[in-house]
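In the order they appear, the protein sequences are chains A and B.
So the first sequence is numbered by the working numbering: it starts at 1 and just counts up by one.
So the second sequence is numbered by the working numbering: it starts at 1 and just counts up by one.
Fair warning: there could be bad hints in the mix.
Said to hold, decoys possible - With a cut-off of at most 25 Å between alpha-carbon atoms, the simulated PhoX-like pairs for lysine-lysine come out as follows:
{"hint": "1", "chain 1": "B", "residue 1": "Lys238", "chain 2": "A", "residue 2": "Lys76"}
{"hint": "2", "chain 1": "B", "residue 1": "Lys230", "chain 2": "B", "residue 2": "Lys274"}
{"hint": "3", "chain 1": "B", "residue 1": "Lys369", "chain 2": "A", "residue 2": "Lys122"}
{"hint": "4", "chain 1": "B", "residue 1": "Lys414", "chain 2": "A", "residue 2": "Lys61"}
{"hint": "5", "chain 1": "B", "residue 1": "Lys415", "chain 2": "A", "residue 2": "Lys61"}
{"hint": "6", "chain 1": "A", "residue 1": "Lys76", "chain 2": "B", "residue 2": "Lys415"}
{"hint": "7", "chain 1": "A", "residue 1": "Lys114", "chain 2": "B", "residue 2": "Lys372"}
{"hint": "8", "chain 1": "B", "residue 1": "Lys238", "chain 2": "B", "residue 2": "Lys281"}
{"hint": "9", "chain 1": "B", "residue 1": "Lys372", "chain 2": "A", "residue 2": "Lys122"}
{"hint": "10", "chain 1": "A", "residue 1": "Lys114", "chain 2": "B", "residue 2": "Lys281"}
{"hint": "11", "chain 1": "B", "residue 1": "Lys274", "chain 2": "B", "residue 2": "Lys234"}
What the hints assert, rightly or not - What follows is a set of in silico ranges between Cβ atoms, one per label pair, in the way DEER data are often shown:
{"hint": "12", "chain 1": "A", "residue 1": "Thr75", "chain 2": "B", "residue 2": "Ile358", "range": "42 to 50 Å"}
{"hint": "13", "chain 1": "B", "residue 1": "Lys129", "chain 2": "A", "residue 2": "Ser30", "range": "47 to 55 Å"}
{"hint": "14", "chain 1": "A", "residue 1": "Leu138", "chain 2": "B", "residue 2": "Pro44", "range": "39 to 47 Å"}
{"hint": "15", "chain 1": "A", "residue 1": "His118", "chain 2": "B", "residue 2": "Leu128", "range": "53 to 61 Å"}
{"hint": "16", "chain 1": "B", "residue 1": "Asn394", "chain 2": "A", "residue 2": "Pro27", "range": "24 to 32 Å"}
{"hint": "17", "chain 1": "B", "residue 1": "Asn229", "chain 2": "A", "residue 2": "His118", "range": "42 to 50 Å"}
{"hint": "18", "chain 1": "B", "residue 1": "Asn394", "chain 2": "A", "residue 2": "Ile125", "range": "32 to 40 Å"}
{"hint": "19", "chain 1": "A", "residue 1": "Ser74", "chain 2": "B", "residue 2": "Ile172", "range": "41 to 49 Å"}
{"hint": "20", "chain 1": "A", "residue 1": "Thr75", "chain 2": "B", "residue 2": "Leu333", "range": "50 to 58 Å"}
{"hint": "21", "chain 1": "A", "residue 1": "His118", "chain 2": "B", "residue 2": "Pro431", "range": "22 to 30 Å"}
{"hint": "22", "chain 1": "A", "residue 1": "Met123", "chain 2": "B", "residue 2": "Pro362", "range": "29 to 37 Å"}
{"hint": "23", "chain 1": "B", "residue 1": "Gln453", "chain 2": "A", "residue 2": "Ser74", "range": "51 to 59 Å"}
What the hints assert, rightly or not - To give an idea of the chain A side of the interface with chain B (calculated C-beta under 8 Å), a few residues:
{"hint": "24", "residue": "Leu4"}
{"hint": "25", "residue": "Arg6"}
{"hint": "26", "residue": "Ser33"}
{"hint": "27", "residue": "Phe39"}
{"hint": "28", "residue": "Leu46"}
{"hint": "29", "residue": "Leu50"}
{"hint": "30", "residue": "Gly52"}
{"hint": "31", "residue": "Phe72"}
{"hint": "32", "residue": "Gly100"}
{"hint": "33", "residue": "Gly102"}
{"hint": "34", "residue": "Gly117"}
{"hint": "35", "residue": "Ser120"}
Everything labelled a hint here was simulated from the structure, so no lab data went into it.
Keep in mind that this is a model prediction, so the values were computed, not measured.
For glycine and all other residues, C-beta sits at the position ideal for the given N, C-alpha and C.
Below, each chain spelled out in residue letters.
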Amino acid sequence: MKNLDRISGIILFLLGLGIFLKSLTYPIGSFRSPGGGLFPLLASILLMGLSGAMTIQAFWKKNTEESSKAPFFSTKDAPNRILFGFMALLAFRYLLPVIGFGPSTFLFILFLAKYLGHYSWKMSIFFSVLTALAAYYLFQVWLKIPMPQGILKI
Amino acid sequence: MALTPINLFLCLVGCLLGTLIGVLPGIGPAATIALLLPVTLALPPTTAIIMLSGIFYGAMYGGSTTAILVNIPGEAAAAITCIDGYQMARQGRAGPALGIAAFGSFLAGTIGVFFLMLIAPPVAEFALKFGPPEIFAVMVLGLTVLNYLSSGSLIKSFMIALVGLFVGMIGIDISGVFRFTFGMPDFYDGIGLVPVLMGLFGVAEVLVNLEQVITRQVFATKIKGLLPNKEDWKASAKPIARGSLIGFLMGLIPGPSNTISSFISYAMEKRFSKHPDRFGKGAIEGVAGPESANNSACAGNFIPVLTLGIPTSAVMAVIVGALIIHGVFPGPLLIKNNPDIFWGTIASMYIGNFMLLILNLPLIGIWVKVLKVPYGLLFPLIFLFCFVGAYANNNSLVELNVMIFFGLIGYLMKKTGYEPAPLVMAYILCPFLEEAFRQSLIKSHGDFSIFFQRPISATILSLAFLFIFLNIFTGLKHKRKRLLERI
Chain A
1 MKNLDRISGI ILFLLGLGIF LKSLTYPIGS FRSPGGGLFP LLASILLMGL
51 SGAMTIQAFW KKNTEESSKA PFFSTKDAPN RILFGFMALL AFRYLLPVIG
101 FGPSTFLFIL FLAKYLGHYS WKMSIFFSVL TALAAYYLFQ VWLKIPMPQG
151 ILKI
Chain B
1 MALTPINLFL CLVGCLLGTL IGVLPGIGPA ATIALLLPVT LALPPTTAII
51 MLSGIFYGAM YGGSTTAILV NIPGEAAAAI TCIDGYQMAR QGRAGPALGI
101 AAFGSFLAGT IGVFFLMLIA PPVAEFALKF GPPEIFAVMV LGLTVLNYLS
151 SGSLIKSFMI ALVGLFVGMI GIDISGVFRF TFGMPDFYDG IGLVPVLMGL
201 FGVAEVLVNL EQVITRQVFA TKIKGLLPNK EDWKASAKPI ARGSLIGFLM
251 GLIPGPSNTI SSFISYAMEK RFSKHPDRFG KGAIEGVAGP ESANNSACAG
301 NFIPVLTLGI PTSAVMAVIV GALIIHGVFP GPLLIKNNPD IFWGTIASMY
351 IGNFMLLILN LPLIGIWVKV LKVPYGLLFP LIFLFCFVGA YANNNSLVEL
401 NVMIFFGLIG YLMKKTGYEP APLVMAYILC PFLEEAFRQS LIKSHGDFSI
451 FFQRPISATI LSLAFLFIFL NIFTGLKHKR KRLLERI
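So here's chain A without its partners, still in its complex pose (with noise of 0.2 Å):
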């Protein structure tokens, strides 16, 4: 845990540092007539503190406890099943125009299906055959969504 709270103290830290530098652009004002960058300025300034004062903490504390032997993941396959889930979300998003909703809802279940949920081909297809009907049917004809069609107008 010591050592996940460094990193992400680092990260928000220069979250804080890169608004710092942004709110400088935009105009402060002064404390009698705030302008739009005096909020964000303030803020940033109190998330630079936070976060410098707990990766402090984090590096000055000696690694003893249990906590930061604790893996980030917590079974050995995890790391492959989220990188899975996340690329099938990005593919779902990037085929969506171009193929449509009815046919990427397919393509996106089918391979959830097989690959993350462990399914037989034969009960992978049906179901996401089945919800790529029912999707379309519900959402595009239905209740009049306006999903993208893509090249195939289905």
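Assemble the complex: chain A is given as a structure, and chain B must be docked to it using the hints.
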């Protein structure tokens, strides 16, 4: 007004959906309400709020069903119900456990709504005297208490709340300055609430659950005799009454009051009980008290929202967001300007509680079947709903990017011990907080002491500082944690 057929129907839909998501793991009420926001845009505001609050109560009911039958709380507030509820189920008393949870929730919800009706108008009247410094102070107190009560470390909660403020600052500010938009026109109006919520509460939750293949066992007994017997009632009457009162009082305080109040109620029942050793082994009081407390806390939760415009939890933050999208600004003027919304919401709670009582008992069989849907088939659907919800909000692909981004951020936050609720709350409050801050400074000609010279804002701010100092100097939080672990 609330009794028109369309309102009744949508209240029913809300309650059913709420129970469904309460039963299903991996998606909470905050995400569901956010998902349904686009659907409600075509409805009049009162109807929309009635439906959305129905989801909230429904989720509380559904959460306890899974706690009792599977030993998995569908919602955090039902965690304590697992202890004795699951034990009762194992002893073949799942029926009375579910029954008393439903009746207790109904009674407590009704008592809570009654108090809400009594207390909200005078509080709003009082809050009308608030100027910008007081409003600023109340929001700071709200954020502080939320941070104080959230389970992670206080410093992390504050940092993540500050990050939430930055997210809220994206877009054009009150003086017309473009802030943190990086030249993208999609961000000029700010980052949309729905994709942020879908990401933090929907996608992130599923990603965490995805780490391992989830399997779970539904307790395979026949559920019979849902009605608690005379003895059960005798044992539960006082816990329900005490739970209702505690829940409501806790609900007034910003923070995850549903969860906290159920823990407190459990601890109290254990202390009051003549046979404390029965707790943990299927004591019906251990189900009746906490279940009542968390439902009555729901009613209490509405008071800061409807009278001050301050959300007390992630769910309430989403409801505030929904009201704003519908052009209604929650705050002291709400009761005066939009009495139909205020009383409509209250009426919907009565109706919703009643509907849940008659719905839940006969439908428990169906919920048990829903529980058996394997997670491997469920999570692709949750992802799909998040996608459609985030997209349909503005028909924008950029919002999908925002959702995926916040999904990843939410996942990393969960893994490193940062909670999403302070971020969301700060993000929603940001525009109001900043406006109150800037107006106060203009009013005082740049003098910061304005926040401490006016009696009301000074009192409220001192309370906020008290919470911070208590935490730093006495390590009270650790004591609280230990207390919670002990019960």
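Quick rundown of the hints versus the structure:
1. Between B/Lys238 and A/Lys76, the direct Cα distance comes to roughly 49 Å. Violation of the 25 Å bound is thereby established for this hinted pair.
2. Between B/Lys230 and B/Lys274 the alpha-carbon distance is near 19 Å, which keeps this suggested pair within the 25 Å criterion.
3. Pair hint B/Lys369 plus A/Lys122 holds up; C-alpha atoms about 23 Å apart against a cutoff of 25 Å.
4. In summary, the hint linking B/Lys414 to A/Lys61 is supported, as the alpha carbons are separated by about 22 Å, within the 25 Å threshold.
5. With a C-alpha separation of about 20 Å, the suggested pairing of B/Lys415 with A/Lys61 holds against the 25 Å cut-off.
6. For the proposed pair A/Lys76 and B/Lys415, the alpha carbon gap of about 15 Å is at most 25 Å, so the pair holds.
7. The hinted pair formed by A/Lys114 and B/Lys372 meets the criterion: a straight-line CA distance of about 19 Å does not exceed 25 Å.
8. A distance of roughly 19 Å separates the Cα atoms of B/Lys238 and B/Lys281; the hinted pair therefore holds under the 25 Å criterion.
9. Note on B/Lys372 and A/Lys122: the hinted pairing holds, with a Cα-Cα distance of about 21 Å set against a maximum of 25 Å.
10. Distance restraint check for A/Lys114 and B/Lys281: the Cα-Cα separation of roughly 41 Å exceeds the 25 Å cut-off, and the hinted pair is therefore not satisfied.
11. Under the criterion of a C-alpha separation no larger than 25 Å, the hint pairing B/Lys274 with B/Lys234 is consistent with the structure, at around 14 Å.
12. At roughly 43 Å, the beta carbons of A/Thr75 and B/Ile358 sit within the given window of 42 to 50 Å.
13. At about 29 Å, the CB distance of B/Lys129 to A/Ser30 disagrees with the hint of 47 to 55 Å.
14. A hinted range of 39 to 47 Å is violated for the C-beta pair A/Leu138 and B/Pro44, which are about 24 Å apart.
15. Restraint check, A/His118 to B/Leu128: a C-beta distance of roughly 59 Å satisfies the suggested window 53 to 61 Å.
16. Evaluation of the 24 to 32 Å hint for B/Asn394 and A/Pro27 yields a pass: the beta carbon distance comes to about 29 Å.
17. Look at B/Asn229 against A/His118: about 45 Å separates their beta carbons, and that is inside 42 to 50 Å.
18. Between B/Asn394 and A/Ile125, the C-beta spacing of about 33 Å keeps the proposed range 32 to 40 Å intact.
19. Distance hint check for A/Ser74 and B/Ile172: the Cβ-Cβ separation is about 42 Å, which falls inside the suggested range of 41 to 49 Å.
20. Restraint check, A/Thr75 to B/Leu333: a C-beta distance of roughly 53 Å satisfies the suggested window 50 to 58 Å.
21. The hinted window of 22 to 30 Å between A/His118 and B/Pro431 is violated, with their beta carbons roughly 46 Å apart.
22. In this structure, A/Met123 and B/Pro362 meet the distance hint of 29 to 37 Å, their C-beta atoms being roughly 32 Å apart.
23. Distance hint check: the CB atoms of B/Gln453 and A/Ser74 are about 52 Å apart, consistent with the given range 51 to 59 Å.
24. This hint holds: A/Leu4 has a C-beta 5 Å from the nearest C-beta of chain B, less than the 8 Å allowed.
25. For the restraint placing A/Arg6 at the interface with chain B, the shortest Cβ-Cβ distance is roughly 10 Å, beyond the 8 Å limit, so the hint is violated.
26. Restraint check, A/Ser33 versus chain B: the minimum CB separation of about 6 Å is within 8 Å; hint holds.
27. About 5 Å separates the beta-carbon of A/Phe39 from the nearest beta-carbon of chain B, less than 8 Å, and the hint is met.
28. Annotation: A/Leu46 was flagged as interfacial toward chain B, and the flag holds, the nearest CB pair being 6 Å apart, inside 8 Å.
29. A cut of 8 Å between beta carbons decides the hint on A/Leu50: the least distance to chain B is about 5 Å, and the hint holds.
30. Taking 8 Å as the C-beta cut-off, the interface hint given for A/Gly52 is violated, the closest approach to chain B being about 11 Å.
31. At its closest, the beta carbon of A/Phe72 sits 6 Å from a beta carbon of chain B; the interface hint therefore holds under the 8 Å criterion.
32. The interface hint given for A/Gly100 is violated, since its Cβ lies 13 Å from the closest Cβ of chain B, which is over the 8 Å cut-off.
33. Here the hint on A/Gly102 is broken, as its CB sits about 12 Å from the closest CB of chain B, past 8 Å.
34. The closest approach between the C-beta of A/Gly117 and any C-beta of chain B is roughly 3 Å, which is under the 8 Å cut-off, so the hint is satisfied.
35. Given hint, A/Ser120 at the interface with chain B, is violated; its Cβ is 11 Å from that chain's nearest Cβ, farther than 8 Å.
Going through the hint list in order, the structure does not satisfy hints 1, 10, 13, 14, 21, 25, 30, 32, 33, 35.
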